[in-house]
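Model the full structure from these sequences, guided by the hints.
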Amino acid sequence: MVKEGERWPADAEFVEYVRARQHRLLRAAYLVCGDLHLAEDLLQGALVKLARQWDRVRDEHPDAYVRRILYRDAVSSWRRRRHEVLGLEPAWDAPAPGADADEVERRLDVLRALDSLTPRQRATVVLRFFEDRSERDTADILGCSVGTVKSQTHDALARLRTAMPRVDLETGGAR
Amino acid sequence: MTTDLRDLLELASDDVPEVDLAEGAWRTARAEQRAVRRRVLLGAGAAAAAAAVTTVAVRGAGDEGRPAGSPSPTPSPTRLRTADVGGVLVHLAPPPGEETAQPPYRDAAAVGLASRIGFTDAMRLPKLGPDTGSPPNTASVRAVFLSWAPDGRRLMPVLYLPRARGEQYLACPGVLLDQADFTMTGQGMVLDPRAIRDDRLAIVFPQPGGVLVLDARTGTGERIAVPDPGLHRVGWAKDNRTVVAHGGEQSWLVDTGSRRVTRAADVVHAGWVDLETTGSSSELRTFSAAGALTGTRALRGPAIEVDGATVSNTEAWAAAHAYLGQTYAGAIGRSQGLLAVQGDLRPTPRLLAATRGPDVPKGAYRSLAFGPRDVVVLESRSFPGGADRPTLRLLAWDVIGEGLAYVGEVGPVQGSAGGFTGAYAL
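Residue numbers (the working numbering), protein chains in the order written: chain A, 298 to 472; chain B, 37 to 462.
If you are wondering where the hints come from, they were derived from the structure by calculation, not from laboratory data.
A quick note: this is a predicted structure, and the numbers were derived from the prediction, not measured.
Using N, Cα and C, we set each Cβ at its ideal position, and we do this for glycine too.
Under 10 Å between C-beta atoms, here's a sample of chain A residues computed to sit facing chain B: (1) Gln341; (2) Arg365; (3) Leu439.
Following this line, the structure appears as structure tokens:
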């Protein structure tokens with residue numbers, strides 16, 4: 298009997314490519330949508346699409362391709378989900394035993410602050426400050442102008458500062 | 037004490053576990069591709085066999101000559117014949133008489149497309165709007181058509197609502213539309229592919245000196261004045277708030293929230309991507325969510341002239357009708373078709389080339405919208421046997437899988453300039 302994995306052996310180059318990036322992409326998707334299960338689904342969906350196009354994109358720009366799908370799907374999915382759960386407190390997982398209470402509290406503060414952003418502002422912040430993407434790259438991935446990225450970044454930072462009044466937020470070093 | 041935002045984002049996502057999705061993604065992709073092929077083969081076995089036989093016969097008749105490119109040596113029954121012209125992959129569409137023999141479009145139900153779309157008498161359709169006594173509509177609009185209003189002069193929108201529990205077509209007599217004059221096609225109205233907002237609950241129409249936004253829940257309209265008497269094409273930008281309006285000399289951005297109207301200083305477009313020919317070169321242009329131009333890249337391959345409105349999807353595929361230059365005409369004996377380009381990659385076109393013949397008019401194809409899996413749904417127009425009225429069919433072109441599927445017939449056209457039907461939101 299043929300096992301599933303043997304029937305369609307994965308392309309070694311694809312596997313290597315994905316394994317080198319998947320954790321960072323999953324973290325980014327989580328920061329954009331705020332839901333780990335949804336983030337996994339979104340990344341899985343983006344990687345399936347990448348696999349379907351692999352022969353075509355492997356020698357071109359797979360990074361741009363997969364990020365464009367992931368971020369745009371994340372923005373639209375989170376936008377839909379936001380309407381579904383509006384007004385509900387996020388169901389945070391209980392902190393692991395022995396976790397630093399201050400650190401847990403700071404993490405929750407950041408996630409709550411991110412919740413105050415629009416989906417596109419959230420994606421812009423993650424691309425600019427977590428993925429360290431330039432304004433031009435961010436605009437390309439989100440399908441908007443550099444001017445829009447600048448204004449979204451400006452508005453997002455203002456909201457984050459309002460949401461975290463005790464934090465003196467620095468953004469130094471962004472490209 | 038200052039805190040770097042980057043550090044905070046690292047901290048916030050620090051607990052995200054590592055999961056390995058690589059092999060699962062690969063298997064899922066391959067399994068999906070295999071399932072697609074299997075469903076198509078099983079579901080359309082007889083039709084595909086008939087199509088294959090017909091294809092052989094057509095080739096034998098030599099009505100268009102053998103492509104001078106490099107046709108596929110053994111095409112599968114569900115794949116189109118292809119040719120390579122100057123590095124551009126050309127899918128050779130069947131003649132109009134064979135369109136209904138193509139395999140059925142497997143996602144038709146999912147995107148709300150029936151095997152017969154349209155209506156014969158809009159006056160007899162149920163109505164939506166003030167003074168009609170109708171309940172509010174809660175179903176999403178998948179297409180909008182036009183019909184003559186009772187005064188025989190103006191146009192009335194008709195909504196196609198395949199998800200509705202009751203009637204699937206609703207006429208909106210409370211929103212009557214003035215026609216525009218078109219040099220090439222006479223009076224009528226052009227419905228932009230982006231006429232329906234992404235939430236499928238509002239439609240925008242061009243009017244002399246303004247745009248009219250139809251609320252599909254109530255059947256009521258709101259007019260926003262634009263200082264341009266020649267508006268002829270309007271659509272929603274991807275922010276679903278801005279309307280991009282094109283007049284004879286100018287384009288405009290209309291903020292439907294604040295009703296603020298701005299003259300566009302540069303090229304604007306209602307969608308992420310469009311295809312355009314300016315001078316001797318054809319380009320792929322990218323746009324922001326508010327419709328502003330963000331980039332331009334020249335298309336590769338032999339000369340081609342984009343001639344229709346562009347539709348695009350989130351994977352940056354764009355498609356539009358185009359006329360093919362001499363290089364194509366010499367190589368494959370075809371002169372028009374649908375052009376598709378992937379904007380993230382090197383912008384090398386793919387083409388669905390229409391046949392030539394007395395039943396195939398200029399502008400034989402119009403791109404309507406992208407369905408799932410990089411399939412573009414198009415409207416095909418032909419005049420079989422020299423008929424006065426066009427036969428209109430919906431087809432689905434798989435730009436990756438090289439296949440063409442049959443969706444269904446479309447009813448007669450009213451009031452739409454250019455002889456095509458409505459705007460679709462799949």
